[in-house]
Each structure stands twice: as C-alpha cells, then as structure tokens.
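Visitor: Sequence:
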Amino acid sequence: MDCSKHTSLADAHINIHQLFDVVCWARYFGVAQGQIRAAVAAVGNRASSVAAFLQAV
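Residues in the sequence shown are numbered consecutively from 1, following full-length UniProt numbering.
In short, the hints are calculated from the structure, not lab data.
The beta carbon of each residue, even a glycine, is placed where N, CA and C say it ideally should be.
You may find that some hints are simply not true.
Distance windows between CB atoms, simulated [what the hints assert, rightly or not]:
1. 44 <-> 16: 20 to 28 Å
2. 32 <-> 53: 30 to 38 Å
3. 57 <-> 35: 16 to 24 Å
4. 20 <-> 44: 13 to 21 Å
5. 50 <-> 19: 18 to 26 Å
6. 20 <-> 53: 17 to 25 Å
7. 52 <-> 29: 12 to 20 Å
Please build the complete structure, drawing on both the sequences and the hints.
Guide: Laid out in structure tokens, this is it:
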C-alpha cells in the first residue's frame, strides 16, 4: 500500500470540501460580494490583484 498516494487523496478530499464551503459562502453572501466587487473596482488594480489572489485561494 502506497501511503503517500493515500495521503494525497485524503488531502484532495479535504480541499474539495473547502472549495464547496467557499462556494456556499459566496452564494450566501452574494449581495455583499457584489458590493465588494464594486469597491474593488473603485480602488483600482492593486486591490483587484488582491481580490484575484483571494479568489484563487
């Protein structure tokens, strides 16, 4: 049995659950998300880069 492969599969399973948590949170706070995007657009490219980083995480 390859323990390293099992560990990576377990990590992937956890990451999938975290991804679903983020999606649920984004849907629940959809209105706030729109306000955040508007604020980001007003601030400019630097804030936009931060927002892109947060979305990637």
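Visitor: Work down the list of hints and note, for each, if the structure agrees.
Guide: For each hint, the structure was consulted:
Taken as a hint, the range 20 to 28 Å is violated for the pair residue 44 and residue 16, whose Cβ atoms sit roughly 34 Å apart. For the hinted restraint 30 to 38 Å between residue 32 and residue 53, the CB-CB distance of approximately 19 Å leaves it violated. For the hinted restraint 16 to 24 Å between residue 57 and residue 35, the CB-CB distance of approximately 20 Å keeps it satisfied. A hinted range of 13 to 21 Å for the beta carbons of residue 20 and residue 44 is inconsistent with their spacing of about 32 Å.
For the pair residue 50 and residue 19, the supplied restraint of 18 to 26 Å holds, since their beta-carbon distance comes to about 20 Å. Our hint of 17 to 25 Å for residue 20 and residue 53 holds, since their Cβ atoms are close to 20 Å apart. Checked against the given bound of 12 to 20 Å, the beta carbons of residue 52 and residue 29, roughly 18 Å apart, stay inside it.
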